[in-house]
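Heads up: the sequence shown runs through residues 1 to 491, numbered per the UniProt record's numbering.
Do not rely on the hints blindly, as some may be mistaken.
[What the hints assert, rightly or not] The list that follows gives simulated cross-link-like pairs (lysine-lysine, BS3-like), each with its CA atoms no further than 27 Å apart: (1) K179 to K383; (2) K332 to K263; (3) K362 to K223; (4) K360 to K313; (5) K328 to K360; (6) K223 to K179; (7) K355 to K319; (8) K319 to K285; (9) K383 to K313.
The hints are simulated quantities; they were obtained by calculation from the structure and are not laboratory data.
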Amino acid sequence: MRSLSVFFRARLWKQRIDNVLYSRYHMPINKRLFSLTSKPLKSSVDIDSKKLIIQKTTSPKKKTAYEQLIFGHEFTDHMLEIDWDQVNGWHEPIIRPYGPLSLEPSASVLHYAIEAFEGLKAYVDATDPTKIRLFRPDQNVNRLLNSCTRLALPSFNGDEFLKCLYTLLHLDRSWVPSKDNYSLYIRPNIISTHPFIGIAPSQAAKLYVILSPVGPHYREGFKPVSLYCTQDYVRAWPKGTGSNKLGLNYAPTIVPQLQAAEKGYSQVMWLFGTMNQFFFWINEKKEKELITCPLDGSILPGVTRDSILKICKDWNEFKVTERPFTMKEVTKAITEGRMLESFGAGTASIISPIKLIHYKGKDYNIPLNPQNPNENAGPLARKLFKAITDIQKFNTLHHVLCYKSFLLPKMLSLIDKPKLYLFFVVLHPSWLLLQTQYHETKNVKLKSEVALSAFQSKHVIQSTTGFCKMIETSESFQNEEFCVLAPTSLY
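Please model the entire structure based on the sequences and the hints provided.
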């Protein structure tokens with residue numbers, strides 16, 4: 001009897017083990033992923049720019065004349081594509097001819113909007129048309145990574161991703177418009193390609209980048225907009241996704257936008273989860289003040305927004321404030337004649353002057369330029385637009401956001417590898433900052449005097465001190481200078 005009891009106990013334990021194994025490998029994937037005892041596999045394989053594969057197009061596209069460009073309608077010859085899966089991690093990056101993506105009909109992005117994107121621009125250098133410039137691209141990458149975290153999409157090495165992007169831009173450099181106020185729009189996008197109908201963390205994803213030449217947002221100068229304050233819809237909410245750049249935040253705004261347009265207004269002004277909007281007024285303490293809502297999680301941490309705040313604080317000409325404020329304060333300032341001007345901010349338009357706000361059945365006119373009623377933008381809006389565009393195309397050296405890069409062949413004798421190096425340089429009226437780090441194998445320390453001496457042999461700079469940051473570039477950049485604005489380490 002005792003041996004029989006042991007036999008049945010053994011069978012019972014075997015059955016329990018079989019049940020666990022069956023549930024582990026045959027249970028629907030969403031139940032397994034959210035099990036307390038099973039964790040999604042996590043691969044250590046990250047994006048590696050050294051494994052980048054380039055497949056050049058054999059049929060280059062015909063480029064549209066600058067004057068006929070429509071935002072988001074035309075795309076360059078190539079695109080960057082990087083796949084990820086939970087088991088193998090990030091695959092080899094591929095630059096291939098622009099074309100359709102291959103997706104399963106069950107891909108979860110098509111059912112649950114598991115997707116995040118970004119938007120930034122590349123410019124031709126105003127002082128040297130052979131150079132391409134970006135404006136604070138690291139900020140866009142950081143924001144994209146935050147969006148990935150919010151959607152349980154895979155993270156990645158932002159520096160390696162940017163190196164792949166630079167190669168794509170170099171390959172399609174002829175698409176970067178050289179005409180003033182034109183640029184190449186860069187759209188990174190990450191989507192869940194997991195073929196599964198169910199709410200669960202993605203086990204497969206695709207990160208890709210497409211490029212589109214675009215013209216100025218306002219072809220004939222500034223065009224001020226009128227805003228309709230809607231109380232019927234909400235774009236964002238506390239602890240929601242307003243601070244992330246997700247497609248699911250934008251699709252529900254289409255109907256309110258159409259309704260505002262039917263009423264004769266340019267755009268919707270969201271009262272809860274506000275936009276990157278600024279008001280320049282004389283506050284109740286008789287101070288000139290530029291005010292915008294703080295980053296409380298309901299609005300997007302805009303790169304242009306942040307740049308405006310940094311520039312205005314650097315000017316130190318008026319008070320700059322980030323705090324919650326109400327429409328009652330806004331309408332009161334307009335009624336009392338204390339409102340000086342208002343504008344929105346974003347990558348597409350940079351600065352978008354606002355001439356009117358409709359709120360609770362009443363139109364409130366906002367001054368553009370009291371000294372000149374025919375102007376389509378206020379003095380501050382114009383000044384900020386010029387300041388930012390000058391920095392983007394490097395028309396100025398006189399701001400802390402001005403970053404310039406050079407190739408310094410004379411510095412090669414100071415290092416132990418005969419390769420080409422890219423030097424990030426920050427220029428300011430009173431100082432020069434060179435920061436140096438060798439990423440691949442070891443740090444190379446350079447005395448500031450030597451670095452400055454080599455730099456000054458080509459460019460005369462008034463400076464007394466500095467240190468250098470050195471970043472190895474791709475082999476493909478050996479014939480041309482490639483410029484990048486604002487690496488992360490310089491903020």
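Cross-check of the supplied hints:
This hinted pair checks out: K179 and K383 have alpha carbons roughly 21 Å apart, not beyond 27 Å. For a cut-off of 27 Å, the pair hint linking K332 to K263 stands: about 24 Å separates their Cα positions. Among the hinted pairs, K362 with K223 is consistent with the structure: their alpha-carbon atoms are about 22 Å apart, no more than 27 Å. A hinted pair counts as satisfied when its Cα atoms are at most 27 Å apart, and K360 with K313 does not qualify at roughly 34 Å.
Distance hint between K328 and K360 is fulfilled; the C-alpha atoms sit about 11 Å from each other, no more than 27 Å. Straight-line distance between C-alpha atoms of K223 and K179 comes to about 20 Å, which keeps the hinted pair within the 27 Å bound. At most 27 Å may separate the alpha-carbon atoms for a hinted pair to count; K355 and K319 meet this at roughly 22 Å. Restraint check for K319 and K285: the C-alpha separation of about 11 Å stays at or below 27 Å, so the hint holds.
Annotation: proposed proximity of K383 to K313 holds, straight-line Cα distance about 14 Å (limit 27 Å).
Of the numbered hints given earlier, the model fails hint 4 alone.
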